[in-house]
Amino acid sequence: MRDFAELFTALDRTTKTTVKVAALSEFFKAASDDDKLWTIALLSHRRPRRTVNTTMLREWAAEAAGIPLWLFEEAYPVVGDLAETIALVLPEHGDAKDVSLSEWINLIVGLSSVEEDERKQAVTNAWRRLDRVECFLFNKLITGGFRVGVSQKLMSRALSKATGIDEAVIAHRLMGDWTPQNTTYDDLILSGDVNDDHSRPYPFCLAYAVEDDVDALGEPADWLAERKWDGIRGQVIVRNGEVFVWSRGEELVTDRFPEFHALAELLPDGTVLDGEILPWRDGRPMDFQSLQTRIGRKTVGKKLLKDAPVILMAYDVMEDRGVDIREIPFETRRARLEEIVADAAAPVLHLSPMLEFDDWQSLSAEREQSRAHASEGLMLKRRSSVYHTGRRKGDWFKWKVDPMTVDAVMIYAQRGHGRRANLYTDFTFAVWKDGELVPFTKAYSGLTDAEFNEITNWVRRNTLERFGPVRRVTPVLVFEIAFEGIQNSKRHKSGIALRFPRMRRWRRDKPADEAGTIEELFGFLEANAG
Amino acid sequence: MLRPARTCCLQIDRVSQMALLEFTDRGIYCRRADVYIDPWKPVDRALITHGHADHARPGHGAYLSTEAAAPVIRLRLGDIALQTVQFGETRTINGVSVSFHPAGHIPGSAQIRIEYKGEVWVVSGDYKVTPDNLSETFEPVRCNAFISECTFGLPVFKWRPQVDVLSDINSWWRDNAADGRTSVLGAYSLGKAQRLLAGIDDGIGPIFTHGAVENTNAVLRSQGLSLPQTTQVTDEQQKKDYAGALVIAPPGALGSNWMRRFPKASTGFASGWMALRGVRRRRAVDRGFVLSDHCDWTELNEAIAATGAERIYVTHGYTEIFRRWLEERGYDARIVETEFRGDDLEEPAEGERTSA
Ligand SMILES: [Zn+2]
Ligand SMILES: [Zn+2]
Chain A
19 MRDFAELFTA LDRTTKTTVK VAALSEFFKA ASDDDKLWTI ALLSHRRPRR TVNTTMLREW
79 AAEAAGIPLW LFEEAYPVVG DLAETIALVL PEHGDAKDVS LSEWINLIVG LSSVEEDERK
139 QAVTNAWRRL DRVECFLFNK LITGGFRVGV SQKLMSRALS KATGIDEAVI AHRLMGDWTP
199 QNTTYDDLIL SGDVNDDHSR PYPFCLAYAV EDDVDALGEP ADWLAERKWD GIRGQVIVRN
259 GEVFVWSRGE ELVTDRFPEF HALAELLPDG TVLDGEILPW RDGRPMDFQS LQTRIGRKTV
319 GKKLLKDAPV ILMAYDVMED RGVDIREIPF ETRRARLEEI VADAAAPVLH LSPMLEFDDW
379 QSLSAEREQS RAHASEGLML KRRSSVYHTG RRKGDWFKWK VDPMTVDAVM IYAQRGHGRR
439 ANLYTDFTFA VWKDGELVPF TKAYSGLTDA EFNEITNWVR RNTLERFGPV RRVTPVLVFE
499 IAFEGIQNSK RHKSGIALRF PRMRRWRRDK PADEAGTIEE LFGFLEANAG
Chain B
127 MLRPARTCCL QIDRVSQMAL LEFTDRGIYC RRADVYIDPW KPVDRALITH GHADHARPGH
187 GAYLSTEAAA PVIRLRLGDI ALQTVQFGET RTINGVSVSF HPAGHIPGSA QIRIEYKGEV
247 WVVSGDYKVT PDNLSETFEP VRCNAFISEC TFGLPVFKWR PQVDVLSDIN SWWRDNAADG
307 RTSVLGAYSL GKAQRLLAGI DDGIGPIFTH GAVENTNAVL RSQGLSLPQT TQVTDEQQKK
367 DYAGALVIAP PGALGSNWMR RFPKASTGFA SGWMALRGVR RRRAVDRGFV LSDHCDWTEL
427 NEAIAATGAE RIYVTHGYTE IFRRWLEERG YDARIVETEF RGDDLEEPAE GERTSA
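So the sequence lines, in the order shown, correspond to chains A and B. Taking our numbering, the leading residue of the first sequence gets 19, the next gets one more, and so forth. Taking our numbering, the leading residue of the second sequence gets 127, the next gets one more, and so forth.
Worth flagging that the hints you see were computed from the coordinates, not collected in a lab. Among the hints, a few may not be true.
Claimed, not checked - Calculated pairs, DSS-like style, for lysine-lysine (alpha carbon to alpha carbon, straight line, at most 27 Å):
| hint | chain 1 | residue 1 | chain 2 | residue 2 |
| --- | --- | --- | --- | --- |
| 1 | A | K418 | A | K451 |
| 2 | A | K34 | B | K243 |
| 3 | A | K158 | B | K284 |
| 4 | A | K171 | B | K390 |
In isolation and in its complexed conformation, chain A is listed as follows:
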């Protein structure tokens, strides 16, 4: 696995895409086919089936390191990663004979059929043979989650460089429902016939955020605008009389959305639509929590289907009667989409409405109305744009509304992780209700290190009570909390739940008794109910 460890180190050390692409393509030129296939799989979030649970790993690691389990458990949150914690506490080894990546993976996969004793033997033996980076990677093979900043786009570019095959073709071949067990490097990359996998999705076209002034986009007449829906990006495929639903995270989620199964008969064969999966009732989206309950379940019961029914808010079409139409202008694709949606006449298939506008100013006013339409802003798409593979600057933009804010009082503080394990960074905030402070959200990001330092000092001097890692503090510090969404919640004492709460700034100028109220928060709820 030395070559894979070197590749990983090279990728992990740099943020420069050119360096990453070079390291990857070198690896793809030299490695064995099995190692290449597994590397592609691992970097696209496919991993071998888990055969060892993490509780066992922790116990074995503590034992092998000669430390008590509690100490291992204390060190883990500081490091923030289990595979790394294990690699760090174990004594360093690693001059044994090299074993290839796919051989280690086969060993791990083979552990499913053996007794626990033998499993422990195999894993601790491996630890003794690997150096620190290899040991970390070996643990990652078990626990999953390689995060080395290699996007599909980057990997496609590297594979394209190593094989000479066009980048967009590679990107398409990498999509879909393959695993290293059901394909080979040859079939997937080299000879990969895209049509032999009916479920294979297209790479999603992604948008950039409007950064400065929307005027910079040029002539309003060149653009089409629609709402930016707040659900799950989904791709619905009808081929060979079958429906496949893909999420943006490249997960096949067909079984979770039985509502769409009827589309097999209602849409023409060879149709691929892009849109937003939204929980929908009475002609408008329901809150995001309803969708969360749908995503969480593998099987969807009758009650859930009734409580949180979904629709597809369609906004693009990539394949029409079996023909890939991603290269024709958006305006033309849109016209075709309108026909397809009308012909299907399916209650679960909606057309994302176009917004009329003559100038940016009137569109800006429309954007202000976003929350009333349960959307998070607008999408702007150039009329002439093709359906890009991934993110390409210049054609698709998201133009979000400003976050909602409330001033809140810090009442609890908890220490952070990693480098911040010594700082108080995780806070609970409260607003006023009938002269009392009620907690309504937690937040841990948005301040500078200098501010966290200062607050940590303050927390130490202003602790009223300790509960394990949490300290109740004198309720005097006020922070502006920004958030993207708000909704009723039975689980929370305050009766509300926020989406993406964070600290926008420390309101040193504001005394606690001038902080916000629960009525203010309920006010947002009503305003959003439109």
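Following the hints, position chain B with the ligands against chain A.
Chain B with the ligands in isolation, oriented as in the chain A frame:
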């Protein structure tokens, strides 16, 4: 020469009404001698372990430090009433014997030993047991009570030998130089910067320094420390002068406008925290080199054992965890809540000001 800790237990109990050192909101205090050690609020008399900003603070009436630490303390605090002692020299203050012993953390850094009627307490300050070819090598001091920092007091911190890390830095610099890139290495301007300078291969290319580093270099050179030739980065130089060069700068400078003068640069950062991948990634530097001026896990445990102390006070770092670990090993271990924190914990740390 010092009697084993065990025979002193009775004495500790007898004086427990008034411990030799107390922990006050101004810092560690010896009431009998009426002196504070590394106090963080103004006091009349302060004993200073070393010149880092979280230990040597302005505003005290009188200071006492080692002669080796004094010039840097003066550089940082200006015109203060500072007296000095040699390592190992004993001063008697109100019947209390006070002496300074090498802590191996940075040049001049000391552990402070306090003795009264046979009872010995040692305040470690910041310390590192492995020699670095620059600082006075750490000397274990036997004592009854040891106040130890534990910045890296977790079993995930285990340092590789300095020579290996320096060799990594050399190859990084050499590779960059071959591509015409500038290697900008972030390191605290007092201690780490000079340790790097003293250890790297100065034959690879020219070495430039940020003003904060160069000021400290000048002071340490005048004390007789041998450092390779360095040039301070100023507006006089042209961009092409930096091709292939190594630049040593305080960490804060790395993310600032100051970096604009190096159009083609690779960045590195040398710190014990670089042992953690998450920290390396958040730092957003090209290379993290694991090099610390503190003890790692193994060294902390060995150093504490070598004092022979039964009572250990832990401070600076993972105190709660480390205290519990020590207690399980049979020590009477307690936490000192202080207002000073570990060296590398903050950014900028050690009072680094990039404008300095
Ligand atoms: Zn220090
Ligand atoms: Zn310190």
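Subject >> Hints not upheld, ascending by number >> reply: Violated: hints 1 and 2.
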